[in-house]
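A.B. asks: Kindly produce the complete structure, drawing on both the sequences and the hints.
Here is how the chains run, residue by residue.
2 protein chains.
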Amino acid sequence: MATLEDVLATIDANAQSALDRLFALLRIPSISAQPEHFPDCDRAADWLVSELADLGFEAKKEPTEGRPMVMGTAKAKTRDAPHVLFYGHYDVQPADPLELWTTPPFEPRLETTPKGERIVARGAADDKGQLMTFLEACRAFKANGGLPCHVSVLFEGEEETGSPSLPAFLTKNAKALKADLLLVCDTSMWNADTPAITTMLRGLVFEEVVLKAASRDLHSGLYGGPAINPIRVLAKILAALHDDKGAVTLPGFYDGVEELPEEIAAQWHDLEFDPKKFLGDVGLSIPAGESGRSVLEQLWSRPTCEFNGIVGGYTGEGAKTVLPAEARAKVSFRLVGRQNPERIQQSFRAFVKSMLPADVRVEFLGHDGSPAIGLPARGEALRRARRALEAEWGTPAAVIGSGGSIPIVGAFRRELSMEALMVGFGLADDAIHSPNEKYERRSFHKGARSWARILAGLSQ
Amino acid sequence: MATLEDVLATIDANAQSALDRLFALLRIPSISAQPEHFPDCDRAADWLVSELADLGFEAKKEPTEGRPMVMGTAKAKTRDAPHVLFYGHYDVQPADPLELWTTPPFEPRLETTPKGERIVARGAADDKGQLMTFLEACRAFKANGGLPCHVSVLFEGEEETGSPSLPAFLTKNAKALKADLLLVCDTSMWNADTPAITTMLRGLVFEEVVLKAASRDLHSGLYGGPAINPIRVLAKILAALHDDKGAVTLPGFYDGVEELPEEIAAQWHDLEFDPKKFLGDVGLSIPAGESGRSVLEQLWSRPTCEFNGIVGGYTGEGAKTVLPAEARAKVSFRLVGRQNPERIQQSFRAFVKSMLPADVRVEFLGHDGSPAIGLPARGEALRRARRALEAEWGTPAAVIGSGGSIPIVGAFRRELSMEALMVGFGLADDAIHSPNEKYERRSFHKGARSWARILAGLSQ
Numbered sequence: 004m005a006t007l008e009d010v011l012a013t014i015d016a017n018a019q020s021a022l023d024r025l026f027a028l029l030r031i032p033s034i035s036a037q038p039e040h041f042p043d044c045d046r047a048a049d050w051l052v053s054e055l056a057d058l059g060f061e062a063k064k065e066p067t068e069g070r071p072m073v074m075g076t077a078k079a080k081t082r083d084a085p086h087v088l089f090y091g092h093y094d095v096q097p098a099d100p101l102e103l104w105t106t107p108p109f110e111p112r113l114e115t116t117p118k119g120e121r122i123v124a125r126g127a128a129d130d131k132g133q134l135m136t137f138l139e140a141c142r143a144f145k146a147n148g149g150l151p152c153h154v155s156v157l158f159e160g161e162e163e164t165g166s167p168s169l170p171a172f173l174t175k176n177a178k179a180l181k182a183d184l185l186l187v188c189d190t191s192m193w194n195a196d197t198p199a200i201t202t203m204l205r206g207l208v209f210e211e212v213v214l215k216a217a218s219r220d221l222h223s224g225l226y227g228g229p230a231i232n233p234i235r236v237l238a239k240i241l242a243a244l245h246d247d248k249g250a251v252t253l254p255g256f257y258d259g260v261e262e263l264p265e266e267i268a269a270q271w272h273d274l275e276f277d278p279k280k281f282l283g284d285v286g287l288s289i290p291a292g293e294s295g296r297s298v299l300e301q302l303w304s305r306p307t308c309e310f311n312g313i314v315g316g317y318t319g320e321g322a323k324t325v326l327p328a329e330a331r332a333k334v335s336f337r338l339v340g341r342q343n344p345e346r347i348q349q350s351f352r353a354f355v356k357s358m359l360p361a362d363v364r365v366e367f368l369g370h371d372g373s374p375a376i377g378l379p380a381r382g383e384a385l386r387r388a389r390r391a392l393e394a395e396w397g398t399p400a401a402v403i404g405s406g407g408s409i410p411i412v413g414a415f416r417r418e419l420s421m422e423a424l425m426v427g428f429g430l431a432d433d434a435i436h437s438p439n440e441k442y443e444r445r446s447f448h449k450g451a452r453s454w455a456r457i458l459a460g461l462s463q
Numbered sequence: 004m005a006t007l008e009d010v011l012a013t014i015d016a017n018a019q020s021a022l023d024r025l026f027a028l029l030r031i032p033s034i035s036a037q038p039e040h041f042p043d044c045d046r047a048a049d050w051l052v053s054e055l056a057d058l059g060f061e062a063k064k065e066p067t068e069g070r071p072m073v074m075g076t077a078k079a080k081t082r083d084a085p086h087v088l089f090y091g092h093y094d095v096q097p098a099d100p101l102e103l104w105t106t107p108p109f110e111p112r113l114e115t116t117p118k119g120e121r122i123v124a125r126g127a128a129d130d131k132g133q134l135m136t137f138l139e140a141c142r143a144f145k146a147n148g149g150l151p152c153h154v155s156v157l158f159e160g161e162e163e164t165g166s167p168s169l170p171a172f173l174t175k176n177a178k179a180l181k182a183d184l185l186l187v188c189d190t191s192m193w194n195a196d197t198p199a200i201t202t203m204l205r206g207l208v209f210e211e212v213v214l215k216a217a218s219r220d221l222h223s224g225l226y227g228g229p230a231i232n233p234i235r236v237l238a239k240i241l242a243a244l245h246d247d248k249g250a251v252t253l254p255g256f257y258d259g260v261e262e263l264p265e266e267i268a269a270q271w272h273d274l275e276f277d278p279k280k281f282l283g284d285v286g287l288s289i290p291a292g293e294s295g296r297s298v299l300e301q302l303w304s305r306p307t308c309e310f311n312g313i314v315g316g317y318t319g320e321g322a323k324t325v326l327p328a329e330a331r332a333k334v335s336f337r338l339v340g341r342q343n344p345e346r347i348q349q350s351f352r353a354f355v356k357s358m359l360p361a362d363v364r365v366e367f368l369g370h371d372g373s374p375a376i377g378l379p380a381r382g383e384a385l386r387r388a389r390r391a392l393e394a395e396w397g398t399p400a401a402v403i404g405s406g407g408s409i410p411i412v413g414a415f416r417r418e419l420s421m422e423a424l425m426v427g428f429g430l431a432d433d434a435i436h437s438p439n440e441k442y443e444r445r446s447f448h449k450g451a452r453s454w455a456r457i458l459a460g461l462s463q
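Protein chains in written order, with the working numbering: chain Y, 4 to 463; chain U, 4 to 463.
Treat the hints as calculated values from the structure; they're not laboratory data. As the structure is a prediction and not an experimental result, all values here were calculated from the model. One or more of the hints may lead you astray.
Any copy, or any two copies together, can satisfy a pair, since identical chains are not distinguished.
To be verified - With a cut-off of at most 25 Å between alpha-carbon atoms, the simulated DSS-like pairs for lysine-lysine come out as follows:
id : residue 1 : residue 2
1  : Lys-280   : Lys-449
2  : Lys-280   : Lys-215
3  : Lys-215   : Lys-248
4  : Lys-118   : Lys-323
5  : Lys-78    : Lys-239
6  : Lys-356   : Lys-239
7  : Lys-239   : Lys-323
8  : Lys-248   : Lys-181
9  : Lys-239   : Lys-215
10 : Lys-248   : Lys-356
11 : Lys-78    : Lys-64
12 : Lys-323   : Lys-215
C.D. replies: Shown next as structure tokens:
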């Protein structure tokens, strides 16, 4: 029976043909934002269906209201193997401004640099190069007796335009897509030598508060004093949402927020991360989040309350002595752990109402909330993926969070109740969305090897 | 020697010719906002110069960069009489929309109503009818042996366009214009039967605060937590400016704020004023100013801090998870008594700075401040004017304040250090600035009699 070493050897032996296959995909200008490239999006989908069929997948192109999805599924060599769903996207960003590209964006080439070879083309890193690392791993397993896991794949063609068709598609195809674990290859390494697993994405509650007082704008001389000013009420409410230590004061806000496991905390502590540089790059110097928490904690594992916008009264140039009838603010909460978006929305609304004088009315314009995404930090899948990555890269994988949300991961969680393991091999200087996008050849090659090790690890 | 009764009898006897004179002035369409009427402004100024000459004044038209001023001066019959400066304006608002006028705006007419006759024309109340009440009083004194006070007059032709030339003109002609007391006839009665003296106008400090944090707008997911949010800082500052009882917390803010004299407080208490209706008319119900103060106190004799505008971050429709680089607010203070605008500005700026985290910078965009205007409530001039008005109207004069500022009064205070006695005979339904502007014939006639009594009273 073939061993993992055999599979890895196959990946090494196929390095040149793997590059040829990636180049073929990179030559298709599948720009989802530009209607003249819609046929190219279809061509890319067709190319992937053919590629999957070649790998022994049952694969098809599925229409949506926008660009088509590609779905594929292949059985493992053993029946009781775990089932993973791999997500990637075949669409790319527009290539403008073209004049800043050294060579045409859809004519992929290898460039030799002191650090090694790099693949230059639109989509090299985001996300064609990354998704092909997974298919190359599958190809090597096929040549060595079969897959260690049941594998489904879903390739989307609208990620760069906000995934408008994805949620409905997931709902409609829930049965076909549901698996034990979602694998996503659309993130970065911690640095060129340190692989990373993103296991935590903060969730979001976004609220707009509209306070209404007098029936019209008033003259601040003729009414100032007896007439209530909604900006004043709004300022009092917003000011009361954080205590002196930067913690959020909403009742029940921290329900479901867990302390970081010691192991992860220790690992974050050891990460090469310079908080001074992180803040200094945007003109700041002092961490403003909860006191006693490191910057990475404040970003990845602690919830926040932010004010994204505020407006009321006269905002043009110069002086106008108006006493406004209305003031509004956009308030958002980043959630972690098992914080419940609905409960936080309710708590926020009750808090605002409790601070309203009798003459002030409130309207809330709510937006869809999403819970935080987290692969259980002590979970088996994570442990196995870490071991696999350390074996490949010779250095422990960083288990990191991301302060933002990745909408598609939220969609999988919401529609299919699936947790995501996000492993990617991009680097900070890949220039995704910019001219001369590149993907390190090392990322491409060792990425495929990493997936082989992860799939093998998950099946043990 | 002629008595005040003789003077009043002359006014009564001249009622018809006084009306003819006012009609002559009302026929001149001296609209200062419309260049095609600039020659009419000059005609109105010339008409007033001629009228003043006829009354024995040394009078002249003085050019400015805009419409001309009319200055006049006449000696009292006794050398040591007090010296008053009377201010009025000969320019009027545009008459549009013309189709809403029952008769042409510059063809003055008398209209008979159940309440008496009224003079209908643009400028009838604002301010030609009012300023002519004073000249008719002077005319009656002239026919009876001379003026009881030295009288200077200043008629402006740009009041309706913001008095752009006034401050420089006052500075330039300070020596000629300086008098013991400024008389202004551009305000209203308390109601149709109750005369009013406006003795208090609140002053103003207007500040714009700009808080700057990060060097650019940030993503609230990727930076929220460690990056300081200037809206949050601004909300904390604004929220700290009022205590729980609605008082302003700035150190030294109440320096120079005096308790209302008991006599005035009692009089305000007795004024026919319905706070419920005042607030109810604009959709409110509960006085929001300092607790323990009546609505009229909150409006006229207590200082305020208001937020006239606030803006920061994303203010368009929907959700955007931005963490803004900047937030700004317009903050104004209405001043009373001897509050010092410069000191309050300094105190405010120091207060803001004291609440800034190290990473937040502040810019202040200041605007011209003005102190409150007040005729000393126990002063002799006020006492005499009240006695004169009560004698004429048979009911005590209301001594009132105004929550707003009247810019020209501030200019006289600033440039000439003169206090103002504001007495006017307008009514709330005069429709100034609107179609079918009117002035009660009773206001015109008894207004002239009132000034005769006031001038006589001031000279005693």
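A.B. asks: Now tell me if each hint is right for this structure.
C.D. replies: Status of each hint after checking the structure:
| no. | hint | in the structure |
| --- | --- | --- |
| 1 | Lys-280 <-> Lys-449 | neither (29 Å within a copy, 78 Å between copies) |
| 2 | Lys-280 <-> Lys-215 | between (43 Å within a copy, 19 Å between copies) |
| 3 | Lys-215 <-> Lys-248 | between (31 Å within a copy, 21 Å between copies) |
| 4 | Lys-118 <-> Lys-323 | neither (60 Å within a copy, 39 Å between copies) |
| 5 | Lys-78 <-> Lys-239 | neither (60 Å within a copy, 59 Å between copies) |
| 6 | Lys-356 <-> Lys-239 | both (12 Å within a copy, 19 Å between copies) |
| 7 | Lys-239 <-> Lys-323 | both (23 Å within a copy, 23 Å between copies) |
| 8 | Lys-248 <-> Lys-181 | neither (43 Å within a copy, 59 Å between copies) |
| 9 | Lys-239 <-> Lys-215 | both (15 Å within a copy, 21 Å between copies) |
| 10 | Lys-248 <-> Lys-356 | both (24 Å within a copy, 19 Å between copies) |
| 11 | Lys-78 <-> Lys-64 | within (19 Å within a copy, 102 Å between copies) |
| 12 | Lys-323 <-> Lys-215 | both (20 Å within a copy, 22 Å between copies) |
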